[in-house]
Amino acid sequence: MSTEKSHVVGEHPDMPPPVTEVGIIGWVRHNLFSSTTNIVITVLTVYFLYLIVPPMLNWIFIDAVFSADSRDDCRAIAEAAGHELGACWAFIGKRFEIFVYGFYPVEERWRVNISFIMMLAALIPVLFDNVPHRKLGLWYSLITPFVICWLLIGGMGLTPVPTDKFGGFMLTLTIGITGIVGSLPLGIALALGRQSDMPAVRMICITFIEFIRGVPLITLLFVASTMLNYFLPPGTTFDLLLRVLIMVILFSAAYLAEVVRGGLQAIPKGQIEAADSMGLKYWQSMRLIILPQALKISIPGIVNTFIGLYKDTTLVIIIGLFDPLGMGRASLADTKWQGLSTEIYVFVAIFFFVSCFSMARYSLYLEKKLHTGH
Amino acid sequence: MTTADTSSKQSLFYRLFFDKELRSVTIQVITMAIMIAFTFFLVHNVTTNLETIGKGYSFDFLWDASNYDINQHLIPYDSRSPHWRAALVGLINTLLVAVAGIILSTIVGFLLGVLRLSSNWLVNRTVYVYIEYVRNVPVLLHILLVHGIIVNTLPVPKNAMMAFDGTLFLTNRGFYTPKPLFEPAMWAVLIAFVIGIGFTIWFKRYAKKVQDATGKIYPVLLISLGAIIGLPIIVFFLAGMPVTLDYPVLSGFNFKGGLVLRPEFVALWIALSLYTAAFIAEIVRAGIQAISHGQTEAAFALGLKPGRTMQLIIIPQALRVIIPPLSSQYLNITKNSSLAIAIGYMDIVATIGGISLNQTGREMECMTIVLGIYLMFSLMISAFMNWYNKRMRLVER
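In order, the protein sequences belong to chains F and V.
Mapping of the first sequence onto our numbering: position 356 corresponds to residue 356, and the numbering continues sequentially without gaps.
Mapping of the second sequence onto our numbering: position 150 corresponds to residue 150, and the numbering continues sequentially without gaps.
Because the hints were derived from the structure by calculation, they are not lab data.
Ideal Cβ placement from N, Cα and C applies to all residues, glycine included.
A few of these clues could be false.
Stated by the list, open to error - Which chain F residues face chain V? A few, computed with CB under 8 Å, are given here:
| hint | residue |
| --- | --- |
| 1 | Ile212 |
| 2 | Arg213 |
| 3 | Pro216 |
| 4 | Ser225 |
| 5 | Gly339 |
| 6 | Phe353 |
Bound-form chain V, shown alone (with noise of 0.2 Å):
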């Protein structure tokens, strides 16, 4: 009894370093001491430096007029407009071309994952290399090399490459194709295919509450995608198709009228796209690897038919794979969509991050906004994936 008694009186001093529980909260109060004495420090520091060359800590500048003109704005810009609205116009050009290539890369990335598996040697062997080849090149490099050959290769607007019948010219200063022109009958067509969007679900529900009840199986897809896209052609047709064409219309030295995707948009378009779907088509390789052969055999033993077995069996399970790393992928291209810096394109980083940064002078206010806005989408992003993954979840015993 005393031996204990005495270990645990002088033990207070010598239990904070050596005993199991208390060490651990020892640790931690250091460590949080000296982050917090860390973060005071540059806190501190930063006081002084911005009160030393007399700048504070406002973002007043936001109101200020911009003062420079950016050549692909989706919303009216000019360079009478303020410093925030030029934040706006490159938050939006992120988004244009992230959004862009998350769908071009996706489209890639898994015709190259199914690809890749083919029993046929050759193109197996081609996806291969080319797979290789542009997962071992660093991103920047792609989107230098597409932009220079777009731009030291492709022919002056004069002598425009044509292709698809005129409805498409490549020039080094851009890609043109007609505009299309809604006139206000435009709406039924899209109201038609909202109405096919809701039937679709509906129908869906109606399919599998009759499959339920009675075993009776509808051809679910045939019937969507005539709701979803025949509905809609038909409106278009019966109200006497309400488009004009704007074609482009080569005048002077480059094309006026149409639409037009600037050279620099195409260039990082297409090398994120390239770049991220070699990274997708691996992870759809391995998510339908992942996937043994007993689920198709089994499948087939229950009297599935390949497609049934495909759609009810296999997707479900590899997209369980597949999805996790495919959102980090997404959120990949979005942050690789700043390297737009090197090439010209205008996005958040090169705005409010790169010229009013310079302009205004405000380096912390600027990088604040725009670290704020990429944690913003990654945050996105990764609540997202929780949210999946809690959903898709194998549910065990």
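Okay, chain F solo, but in the shape it has when bound (with noise of 0.2 Å):
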């Protein structure tokens, strides 16, 4: 049968685009094969990922044991399955529960469980603004943090637990969430303060400010583990892991002020004289005109210094506070998991790859959701 089809003249219908431009070819030609570089290029990659990604999965999927009693275990189950031994996850799922808790006494868990639920729930409100009866909520949200610390702390009608007994993911996310939430309130009056018009305030805001972000998180760590009773009066100590906060919050402030300065430096001078215009007085300006704007635009900026100061939470281990990474370690002591030391690794580094990634998530959603310009 002969391809070719008569048509009246003016009435050839549409013939379907060629193959090779539509389609998962026409897709591949343009993304993956459109000129000699890029066919060099992708050949390369493919080859690349080949030799990194499948034995990756390998250790971690194929050749892994996911329940075992010991090292030896392990090996002797993946033997008994004719492979090499990947990742021995059996150890992880045996260690679960210390990774979590910590030290925190076994039958004091729940509040733990507790206080996790309550700031999931106190999160929703300040998160997102679409949740009904979203004052209440704020308000329930502002009371969380003193009912969750009298939770995990105990005292007033619960048992008291020593805060030395925090560790695990729980002390991951109380220094990151006290952290986050003592630093920006700081963090935006230092900003203020180092734009201040009044040179006292701004010289003491500026030292402070440069002095923090000009030595490493590790050496302030340092100071107030060892060498903070110098500095109070004789006879006073107060708890480590409070001196942790402190610095903590001290050091992620001084980020923030940066962060926070430059969104102010971008609020066109005549927003203030706008606002002085209208008789407001500083606070209110600052509040109802300024911030608002300034802190809009610094939001990737703030998200950033969260994720860092939520990343750098794992220092904590260099001065013996026990964080999941710490955990991993001295339970690796035990000789029946002894060498496992990749696989903690691997799965500390998926919980915190969660968790910032969710958080540089929010923040592009954030970013669109306030976008009202151009």
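Given two chains presented individually in distinct reference frames, assemble the corresponding complex, making use of the accompanying hints.
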């Protein structure tokens, strides 16, 4: 049969586009093989991925052992199945509770669970503005930190738990969230102080910010853990966790101040002048006119600082607190599980990736939502 | 008149709190008073506390013997050396890993940043996944992970992994490479290199003058490369290749000779570089994207070739956006190198702020030194940034 058809002049039907231009083939041609350089790059990348990805998947899933009683057990199971041992996830499974709660007493762990649920509930009205009864919810969010503090530490009817029992992911969340909640107001205050017309206030803020930003967090934590007693009146001493919290708050407040200052500087001077001419006082114009705009611009920077703070909570292992990394390294001392450090690191890395990546995504969502411009 | 008089008379106290200008003076006086009182309180506490336990505040201990060994020292050092020398060794180690990290992270970061902008979907996505993974996992974890992989999975020296035809041995005790031993004739090569740089600087100016006067363009890049790289190579061969390589040889349980990169150094270097490279990649991408496409089109309309457009139009403008955050990444890499203490790399925090501090019990003095050194780095970087910003500022009407 002939493929040529005759049509009435002027009534030629639309032909389908060539196969090579649409669909999967078209997409591949345009995105992967559009030029010689592109072809070379694609082939190299595929080869590179081939080198990296299959062994990784093998290690994580296919050759891994998920339940066993010791490392030798893991190895035996892998041998029986006829392959080399990949990851020995059984270790993580057996120690899971310790990773989550640290040394928190077993019979009191319900308090941690309740705190965690309360915290999640408190986050909802803060993060999303289309929930019903948001105003009530915000009041709830405001009192939750105090309730959680009471639940975790105890006292007033609950068995007191000393803070050196805190550990694992619970410790990470405690430091991370306290740091975030505490450093935001302080950071904004420092930024306003740095922009202030009063030289004395400005100088103090600049000195503080530049000092904190100039030294690594780990040295500040050392100061907090070894030297703080020298700066306190003789005989007084306070909790190591509290010292760490204060240092973390001060540290990220200094970084936040710089981010917020960037936002403040981006607001045209006309806005302040307009607010002045409307008769608004300093705090009124800041609260109603300047800060809402400045904070909106600096959202990406603020969230980045929060992510940085959250990641920096791992440094506390160096001064002897036991976050998940510390817990993991401590449980490696058990001869049954020696040499499984990579499993711990990967497990903790996944935890951090999930939390930090969702923070970054939320910041993108917020940016899009608040974007009212052109 | 009378009302105004009375108001200004009664005001002095009133105005201190409610007049805009005077109130600012009041607030400042109060803040300064609080700050001074607070500082005095701290100093007073420190002096009483130090007196109670019978410690003074002096740096004399720096001249005592340190009594500990440092496994990586670029200047002569042993356990009889004084503490200040230990601090110096630590400082050099910090600088070494920072500089090496800055170089590697810049190269990898620029490469990733450009690849991230590639129109090739696969490359673009792969780099995106890599960057997101690296940025969202703590740097300490990266350091421990790389260190763990080197120590746990690389073979012992006896069955070392060989790479590049016996010139690089990978073992869990470190990476071994041949050490170049220079003969005196090597000086000639070095001099040729310096001459090459000098010639390039002169030639660049000359070429610009010729171009301004006549419009003739010299291939500056090729000639400069020839002068800087080609000339030393020619001299190198003329002098009869004045370099011998000291190969590492396996003896007993470990390698002898050659150049060794210790596992702690390698782990810290690679982890810091890869971590910072992900941030640099994002900075580079943002910098290039910040230059509007109109700039390229305008350059093409003027008849510039793509290479010249990149070199004269895009890169100078992109650099203006890239350099400030880039320099703060360099500062970050220096500060993050303090995490060395987690894997036992002897940097400034681990030497004077760690072992020396524990041995002498001089917390105040040791931490003052450590904090002072880091502050100095940071001030130097911000001084550079201010200078750069001033130089590169957009000149507007």
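Status of the hints after comparison with the structure:
Contact between Ile212 of chain F and chain V, as hinted, is not supported at the beta carbon level, the nearest pair being about 10 Å apart and thus beyond 8 Å. Here the hint on Arg213 of chain F is kept, as its CB sits about 7 Å from the closest CB of chain V, short of 8 Å. Residue-level restraint check for Pro216 of chain F holds (minimum Cβ-Cβ distance to chain V is 4 Å; threshold 8 Å). Annotation: Ser225 of chain F was flagged as interfacial toward chain V, and the flag is violated, the nearest CB pair being 10 Å apart, outside 8 Å.
Taking 8 Å as the C-beta cut-off, the interface hint given for Gly339 of chain F holds, the closest approach to chain V being about 6 Å. Look at Phe353 of chain F: its Cβ gets to within about 5 Å of chain V, closer than 8 Å, so that hint holds up.
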